[in-house]
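Construct all of the structure, not just a fragment, from the sequences and the given hints.
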Amino acid sequence: MNRARRFGTVIGLVVLCAILWILTPYFLTVSNLLNIAEQTSINAIVAVGMTFVILSGGIDLSVGSIVALAGVVLGLALRDGQPLALALALTLAAGLVCGLVNGLLVSLGGLPPFIVTLGTMSIARGAALLVTEGRPISGFAASFRVLATGRVGFVPAPVIATAVVYLAAHVALAGTTFGRYVYAIGGNEEATRLSGVAVRFHKTMIYGVSGLMSAIAAVILTARLNSAQPIAGMMYELDAIAATVIGGTSLMGGDGTLAGTLVGALIMGVLRNGLNLLGVSSFLQQIVIGGVIVVAVLLDTVLKRNRM
Amino acid sequence: MKRTVLTAVVIVLSCASCNRAAPVSGAGGKPTVALVLKTLNHPFFVDMRRGAQEAADRLGVTLQVQAAEREIDVEKQMQIVENMIQTGIQALAITPSGSREIVSALVKARDAKVPIVVVDTRLDPKAAADAGVHGETFVGSDNYEGGKLAGEYLVKATGGKARVGILEGIPGHETGDSRLRGFRDAVKGAAGVAIVASQPANWERDQGFNVFQNMLQAHPEIDSVFACSDLMALGAIEAIRAAGKTGAIKVVGFDALDDAKKAIAAGSMEASVAQFPAEMGRAAIESAVKVIHGEKLPDEIKVKLELVTRDNVK
Numbered sequence: 210m211n212r213a214r215r216f217g218t219v220i221g222l223v224v225l226c227a228i229l230w231i232l233t234p235y236f237l238t239v240s241n242l243l244n245i246a247e248q249t250s251i252n253a254i255v256a257v258g259m260t261f262v263i264l265s266g267g268i269d270l271s272v273g274s275i276v277a278l279a280g281v282v283l284g285l286a287l288r289d290g291q292p293l294a295l296a297l298a299l300t301l302a303a304g305l306v307c308g309l310v311n312g313l314l315v316s317l318g319g320l321p322p323f324i325v326t327l328g329t330m331s332i333a334r335g336a337a338l339l340v341t342e343g344r345p346i347s348g349f350a351a352s353f354r355v356l357a358t359g360r361v362g363f364v365p366a367p368v369i370a371t372a373v374v375y376l377a378a379h380v381a382l383a384g385t386t387f388g389r390y391v392y393a394i395g396g397n398e399e400a401t402r403l404s405g406v407a408v409r410f411h412k413t414m415i416y417g418v419s420g421l422m423s424a425i426a427a428v429i430l431t432a433r434l435n436s437a438q439p440i441a442g443m444m445y446e447l448d449a450i451a452a453t454v455i456g457g458t459s460l461m462g463g464d465g466t467l468a469g470t471l472v473g474a475l476i477m478g479v480l481r482n483g484l485n486l487l488g489v490s491s492f493l494q495q496i497v498i499g500g501v502i503v504v505a506v507l508l509d510t511v512l513k514r515n516r517m
Numbered sequence: 116m117k118r119t120v121l122t123a124v125v126i127v128l129s130c131a132s133c134n135r136a137a138p139v140s141g142a143g144g145k146p147t148v149a150l151v152l153k154t155l156n157h158p159f160f161v162d163m164r165r166g167a168q169e170a171a172d173r174l175g176v177t178l179q180v181q182a183a184e185r186e187i188d189v190e191k192q193m194q195i196v197e198n199m200i201q202t203g204i205q206a207l208a209i210t211p212s213g214s215r216e217i218v219s220a221l222v223k224a225r226d227a228k229v230p231i232v233v234v235d236t237r238l239d240p241k242a243a244a245d246a247g248v249h250g251e252t253f254v255g256s257d258n259y260e261g262g263k264l265a266g267e268y269l270v271k272a273t274g275g276k277a278r279v280g281i282l283e284g285i286p287g288h289e290t291g292d293s294r295l296r297g298f299r300d301a302v303k304g305a306a307g308v309a310i311v312a313s314q315p316a317n318w319e320r321d322q323g324f325n326v327f328q329n330m331l332q333a334h335p336e337i338d339s340v341f342a343c344s345d346l347m348a349l350g351a352i353e354a355i356r357a358a359g360k361t362g363a364i365k366v367v368g369f370d371a372l373d374d375a376k377k378a379i380a381a382g383s384m385e386a387s388v389a390q391f392p393a394e395m396g397r398a399a400i401e402s403a404v405k406v407i408h409g410e411k412l413p414d415e416i417k418v419k420l421e422l423v424t425r426d427n428v429k
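Line order of the protein sequences matches chains Y and E. Positions 210 to 517 (our numbering) are the ones given, in order, by the first sequence. Positions 116 to 429 (our numbering) are the ones given, in order, by the second sequence.
For the record, the hints were derived by calculation from the structure and aren't laboratory data. For clarity, every value in this text was computed on a predicted model and none was experimentally measured. Possibly wrong hints are sitting among the right ones.
Which residues of chain Y face chain E? A partial, calculated answer using Cβ under 7 Å [to be verified]: (1) SER347; (2) ALA351; (3) SER352; (4) ASN397; (5) THR401; (6) SER404; (7) LEU434; (8) SER459; (9) ASN485; (10) LEU486.
Derived CB-CB ranges, DEER-like [stated by the list, open to error]: (11) LYS223/E <-> ALA381/Y: 30 to 38 Å; (12) SER240/Y <-> HIS408/E: 24 to 32 Å; (13) MET461/Y <-> THR361/E: 18 to 26 Å; (14) THR361/E <-> SER240/Y: 56 to 64 Å; (15) LEU313/Y <-> LYS419/E: 36 to 44 Å; (16) ALA298/Y <-> LYS228/E: 35 to 43 Å; (17) GLU260/E <-> PRO321/Y: 46 to 54 Å; (18) LYS223/E <-> LEU293/Y: 21 to 29 Å; (19) ALA302/Y <-> LYS419/E: 36 to 44 Å; (20) LEU313/Y <-> GLY362/E: 48 to 56 Å; (21) ALA381/Y <-> GLU169/E: 12 to 20 Å.
For every residue, glycine included, the Cβ atom is placed at its ideal position computed from N, Cα and C.
And the structure:
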């Protein structure tokens, strides 16, 4: 059943592409497909963290603000002339710490994830604005910007980064005890705890993963815009949740895959790109994207009900 | 499978209903010009689009107008530029959401040999020079001059004695920064005019209300306001009304929105600097068409500014 649904998402993507191929000659070109892959990379990476969190039965509204804060840390470090490796390490650490704070508040504090991450969403955003006085930090060396503008062969660097992130996250989720516990906690937290799993520890780590993913996305975003904006990443949480849900992950937790999330992110990217190519009005684009999200969740619910 | 069908239906419907203006430049051999705006949920840009469409119809070019959902979402604007380049547009007119950030997208336009017309908000000269990007021309009003116009008016209207509170736009945005600089330079010479508070209200009406309400708490002596946009000014006017000080505080805004003109006519607002966005849209498309035809353009095409006060409000 699970496999059938995942398959359905892939078919949805293929049909979407086929329709766009028929409607516009600009869609199915190598340069446009690479363009889509590059544009999707940031949302796809943030959605990895979101998938871990949603699989465990939680939600993370702070990802967009963490993207901004981690980006600002990166921008400041680079502006101060720190070596690239150190600047990147600081950035990832900033994201990880933000995520772990979320995790601790949820697991030790026993607070609902929605409330905790709503709070940290505002805190991280405020911190990013505070340290930059609201101003973007821009103009970085080409050696850094190559992380977004570079190509390996003909593949843009952000696409390579996305592939690496998905491979690593897939191994963690499908091949380790940590991954099994993510599903177990989302499926039945109480039963998982009673069977001797350190639920609090693992929950904290899950939010840590989400923070880390936001930081990786921040690196790509900052390199892409050649600027670290404290107002960057607004609404990224909603895009990431949408990609995860379109990809078939249940908001109730315990059920879903990373492959589905990747397809979900690609559906959103293809849709946005295609609607641009077709010259569809910006307002109508929002309606279409919203419609696709609702339809995806509706199908998910219907399929689940049938299974019962 | 059902999902597939539904997704297909959604897409086909969306395209059937709106795809009259497909960006195929081959259609009748008409060249296609893309106008990428900051947003379409602000009257300023809606007017700009109208002016642009009129020019496009008159000159026989196909116009593609796209905008991000949110004014400050420069990454989304970058995606739109990348996508429009894929459709083989002949020229790009753009109001940058970020003077520095958008340069990365314009590099791709340059590489695709798409000429660029910059509208309303300038590119950061250094970022553009570093990246080797240059616009064929800049179409817009001089925000610095507009700020100065507002400042000079306020000095005159208050007889050179004022305690001014300023509502700024989003920090780091060229438009607001220039207006602010112009205003400050204009009041610098007047010894009796002091700026007692200056805070960002991020271009928004509700923030204009809240920020000014707080400002008034901290500085009850404020007798004049300069807001870098009318939306913020209109918020401040509501805060003034709530404090029972209507008429005692002179508000000068920027943009001359319809609501602001009404407030000026009603006496709750003093003045606003009018820009002519439809004129900008028209000039942008005319410039783009000239570039397509290989004509040289001046570095700048200035669109007039006008101070709207009680005497000339329509």
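Hints, verified against the model:
1. At a threshold of 7 Å, the smallest CB-CB gap from SER347/Y to chain E is about 4 Å, leaving the interface hint in force.
2. Interface hint at ALA351/Y: violated, since its Cβ lies 10 Å from the closest Cβ of chain E, which is beyond the 7 Å cut-off.
3. The interface hint given for SER352/Y is violated, since its Cβ lies 14 Å from the closest Cβ of chain E, which is over the 7 Å cut-off.
4. Evaluation of the ASN397/Y hint against chain E yields a violated restraint, the C-beta minimum of about 28 Å exceeding 7 Å.
5. Contact between THR401/Y and chain E, as hinted, is not supported at the beta carbon level, the nearest pair being about 31 Å apart and thus beyond 7 Å.
6. At its closest, the beta carbon of SER404/Y sits 35 Å from a beta carbon of chain E; the interface hint therefore is violated under the 7 Å criterion.
7. Taken as an interface hint, LEU434/Y checks out: its beta carbon lies about 4 Å from the nearest beta carbon of chain E, inside 7 Å.
8. Interface hint status for SER459/Y: violated, as the beta-carbon distance to the closest one in chain E is roughly 15 Å, over 7 Å.
9. The beta carbon of ASN485/Y is positioned within 7 Å of a beta carbon in chain E (closest approach about 4 Å), and the interface hint is therefore held.
10. The beta carbon of LEU486/Y is positioned within 7 Å of a beta carbon in chain E (closest approach about 6 Å), and the interface hint is therefore held.
11. Range check, LYS223/E to ALA381/Y: about 35 Å between beta-carbon atoms, so the 30 to 38 Å window is met.
12. Distance hint check: the CB atoms of SER240/Y and HIS408/E are about 27 Å apart, consistent with the given range 24 to 32 Å.
13. At about 53 Å, the CB distance of MET461/Y to THR361/E disagrees with the hint of 18 to 26 Å.
14. Between THR361/E and SER240/Y the CB atoms are about 58 Å apart, so this pair conforms to the stated range of 56 to 64 Å.
15. Distance hint for LEU313/Y and LYS419/E: a CB-CB separation of about 58 Å, inconsistent with the stated range 36 to 44 Å.
16. Between ALA298/Y and LYS228/E the Cβ separation comes to about 40 Å, which falls inside the hinted range of 35 to 43 Å.
17. Judged by the Cβ atoms, the range 46 to 54 Å given for GLU260/E and PRO321/Y holds: they are separated by roughly 53 Å.
18. For LYS223/E and LEU293/Y, the Cβ-Cβ distance of about 24 Å falls inside the hinted range of 21 to 29 Å, so the restraint holds.
19. Taking the beta carbon of each, ALA302/Y and LYS419/E are about 52 Å apart, not inside 36 to 44 Å as hinted.
20. One distance hint, 48 to 56 Å for the beta-carbon pair LEU313/Y and GLY362/E, holds here, with the actual separation near 54 Å.
21. ALA381/Y and GLU169/E have their C-beta atoms about 57 Å apart, which leaves the hinted 12 to 20 Å range violated.
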